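Chemist: Sequence:
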Amino acid sequence: MRKLTEEETKKVVDAARDGYAMDSMIEVDPGAELSLGEDAHGRVDGCYVQAWVWVRFEDAGIAVEPEEQP
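Here the sequence shown is numbered in the working numbering, starting from 12 and rising by one per residue.
Mixed in with the good hints there might be a few duds.
Across the chosen pairs, the derived CB separations fall in these ranges [claimed, not checked]:
no., residue 1, residue 2, range
1, Trp63, Glu17, 35 to 41 Å
2, Glu19, Gly53, 34 to 40 Å
3, Lys22, Pro77, 41 to 47 Å
4, Glu78, Leu15, 25 to 31 Å
Result set (EDC-like, lysine to aspartate or glutamate): computed pairs, CA atoms no more than 16 Å apart in a straight line [claimed, not checked]:
no., residue 1, residue 2
5, Lys14, Glu44
6, Lys22, Asp70
7, Lys21, Asp40
8, Lys22, Asp40
9, Lys22, Glu44
Don't read these hints as lab results, they were simulated from the structure. This structure is a prediction, so every number in the text was calculated from the model and none was measured. No residue lacks a Cβ here, since even glycine has one placed at the ideal position from N, Cα and C.
Whenever a hint applies, use it, and build me the whole structure from the sequences.
Modeler: See below:
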């Protein structure tokens with residue numbers, strides 16, 4: 012399977028950041044891990060890019076502990 016060059020890897024990560032990252036919601040690190048993928052014909056035409064997704068405890072149904080008072 013094809014291996015991306017350092018320049019190609021940077022372009023893919025930059026494209027992920029430009030197209031999908033949202034401040035405090037979805038973050039893509041500069042050194043994000045990539046996983047190349049093949050289409051139905053075996054042609055490598057893209058990849059998955061590792062990202063961080065912020066999930067609030069409230070959205071997951073988890074109680075947030077109250078702040079400690081001094």
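Chemist: Each hint should be assessed against the structure and marked as holding or not.
Modeler: Here's how the hints hold up against the structure:
no. : hint                        : in the structure
1   : Trp63 <-> Glu17: 35 to 41 Å : violated, 22 Å
2   : Glu19 <-> Gly53: 34 to 40 Å : violated, 19 Å
3   : Lys22 <-> Pro77: 41 to 47 Å : holds, 46 Å
4   : Glu78 <-> Leu15: 25 to 31 Å : violated, 45 Å
5   : Lys14 <-> Glu44             : holds, 13 Å
6   : Lys22 <-> Asp70             : violated, 33 Å
7   : Lys21 <-> Asp40             : holds, 11 Å
8   : Lys22 <-> Asp40             : holds, 13 Å
9   : Lys22 <-> Glu44             : holds, 13 Å
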